[in-house]
Amino acid sequence: MRAMVYRGPYKVRVEEKDVPPIEHPNDAIIRVTLAAICGSDLHLYHGMMPDTRVGMTFGHEFIGVVEQVGSSVQNLTRGDRVMVPFNVYCGSCFYCARGLYSNCHNVNPNATAVGGIYGYSHTCGGYDGGQSEYVRVPFADVGPSVIPEWLDEEDALLCTDALATGYFGAQLGDIAEGDTVVVFGAGPVGLFAAKSSWLMGAGRVIVIDHLEYRLEMARAFAHAETYNFAEYDDIVVELKKSTGFLGADVAIDAVGAEADGNFIQHVTSAKFKLQGGSPVALNWAIDTVRKGGTISVMGAYGPVFSAVKFGDAVNKGLTLRMNQCPAKRQWPRLFEHIRAGYLKPSDIVTHRIPLEHIAEGYHIFSAKLDDCIKPLIVPSAR
Amino acid sequence: MPYRAEKPKLAPSSDELRARVPGWGADLDPKDRPAVPRERFDPGASGAHWDFPDRQEEKWPRERSLEHEFLTPVFGTSTPPKGLSGVMRKYSYARYSEGRAAHWLILLAADRVDAIESHLRSFLSLHPDNPVTETGIRSELTHHGISSRIGKKRADLSHLWIDPIIVAGPWVIAGWVVLSALRARGDSRHLISR
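Protein sequences appear in the order of chains A and B.
Everything in the first sequence is counted per my numbering, starting at 1 for the first residue and increasing by one.
Everything in the second sequence is counted per my numbering, starting at 383 for the first residue and increasing by one.
Extracted from the complex, chain A is given alone in its bound form (with noise of 0.2 Å):
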């Protein structure tokens, strides 16, 4: 099978791969029809997640065709169309029986501080990910769901990740009516975030990035307030001015360990690896929000120490609230609301691309050329 494979920091290629045999009695091969790149696919491709190994293939948002299955799956039959959760969960564990399936503790030998994550580094489990033709899919009993028919296959793809976690960090802001929300970062989380907002009831919603053309969709796509932070010498004053000085309620990094605004903090984690994280986005947020307000952290870290400022955090009182999002769990909610109308995910999707030409879209995606948002890998495709 043809699969995307890491060659180290800044490199991918197109390789002939071996077809994923079943290890387990509960797993399924799936033959994927659509992936995406996901912005944290970004801290691989750049060599900043410990433990990422030249061969992995990544890619932890996909939809396929089940292939094949093991001797105990009873919910899934070959031919079935389904959309795969990022976490790679057992939905037994401590932690799955109390619906926390993004932290499960069955799944990832080389650590226990993260759950697994199809395509992410052996720090999240070292599985192959689905940027290829095939993709081993553990639990397929307990993580795959068959793709509901009305369901396009894009807003599906959508909902493995990007949807599920942006709805999710808008839940963990804890929203009240007419709160003010500020969220940072305008790539797929954060435009997704924005929009759940509303759904939460937010009073405003203020969307902060230093990319005119994501701006712009946050405007169109989130009806949300934009902030080129690039525009002001000090984007924490204008929030304070624009919220009389109080600050926001609530605000949602989702950003995570590859933030611009602070050339130190950027060049000393993104660059030279001295941080887990570059911590620019969340100290905003510490900065931005008001006395007993809310974080809420979507953005992805590595686990190396970060210079946050947890003196201003604590001396505000404030909450924070993150987590890798359980995917699926968001999944029931999530379709009423695309039914309805409300959310249309695909809306973000500015590109489609073969997987044989999964370099230049790494690239595309990360030098953020060709006003990318959101890149799609179609495996079919030449």
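By construction, these hints were calculated from the structure, which means they are not laboratory data.
Some clues are possibly wrong.
[To be verified] Restricting the straight-line Cα-Cα distance to at most 27 Å, the calculated cross-link-like pairs of lysine-lysine (DSSO-like) are:
| no. | chain 1 | residue 1 | chain 2 | residue 2 |
| --- | --- | --- | --- | --- |
| 1 | A | K271 | A | K240 |
| 2 | B | K534 | A | K241 |
| 3 | A | K271 | A | K241 |
| 4 | A | K17 | B | K464 |
| 5 | B | K389 | A | K240 |
| 6 | A | K368 | B | K534 |
| 7 | B | K441 | A | K17 |
| 8 | A | K241 | A | K316 |
| 9 | A | K291 | A | K309 |
| 10 | A | K316 | B | K391 |
| 11 | A | K240 | B | K441 |
| 12 | A | K271 | B | K472 |
| 13 | A | K240 | A | K316 |
| 14 | B | K389 | A | K316 |
| 15 | B | K389 | B | K413 |
| 16 | B | K535 | A | K271 |
| 17 | B | K391 | A | K271 |
| 18 | A | K309 | A | K240 |
| 19 | B | K464 | A | K240 |
| 20 | B | K391 | B | K441 |
| 21 | A | K291 | A | K241 |
| 22 | A | K344 | A | K271 |
| 23 | A | K344 | A | K368 |
| 24 | A | K241 | B | K391 |
| 25 | B | K472 | A | K17 |
| 26 | B | K535 | A | K241 |
None of the values given here were measured: they were computed from a predicted structure.
Go by the hints and put chain B onto chain A.
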């Protein structure tokens, strides 16, 4: 405004928002939010029909965190450790817990060693690494590399110059090392022949 008791009136009314934003307030009631409460004890909800999963076969000694009591029943089988980077990775897992910075720093160092080992190994294969095709740099020409940056207020432009150094630096250093080694070998032969 925060100097007095009332919250500043910053947002339009709920009626205005409901009219303007599709779906506004659909999840106003926390009971409609699937992540609330965060933990819900419901072992039957996931579809799992086991108390503890069957164990996947361990085909090589699988590295695992010291903070795990035992190897998890299911695990990824991508890219087993190999070479010097593999030795470093196995040492890091065997010696340091996730709570120790040394664990992660050794793994990060192993990643860099892995990249160098893999590049060198590729030159002995029929599919050598190609920094032009593998970086996707050609898309700079086909996908508006210049117009995506010129005249834009992008914060990332201030550190753009570092990327070529990070990407090309190891290749330049490796070339310099090989060249130096060849020169040194030439010098020593010259000395012997004299």
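Going through the hints against the structure:
no.	hint	result
1	K271/A / K240/A	violated, 31 Å
2	K534/B / K241/A	holds, 25 Å
3	K271/A / K241/A	violated, 33 Å
4	K17/A / K464/B	holds, 18 Å
5	K389/B / K240/A	holds, 14 Å
6	K368/A / K534/B	holds, 12 Å
7	K441/B / K17/A	holds, 19 Å
8	K241/A / K316/A	holds, 18 Å
9	K291/A / K309/A	holds, 14 Å
10	K316/A / K391/B	holds, 22 Å
11	K240/A / K441/B	violated, 57 Å
12	K271/A / K472/B	holds, 26 Å
13	K240/A / K316/A	holds, 15 Å
14	K389/B / K316/A	holds, 17 Å
15	K389/B / K413/B	holds, 26 Å
16	K535/B / K271/A	holds, 21 Å
17	K391/B / K271/A	violated, 43 Å
18	K309/A / K240/A	holds, 18 Å
19	K464/B / K240/A	violated, 53 Å
20	K391/B / K441/B	violated, 64 Å
21	K291/A / K241/A	holds, 16 Å
22	K344/A / K271/A	violated, 35 Å
23	K344/A / K368/A	holds, 23 Å
24	K241/A / K391/B	holds, 13 Å
25	K472/B / K17/A	holds, 25 Å
26	K535/B / K241/A	holds, 22 Å
The structure is inconsistent with the numbered hints 1, 3, 11, 17, 19, 20 and 22, although it conforms to all the rest.
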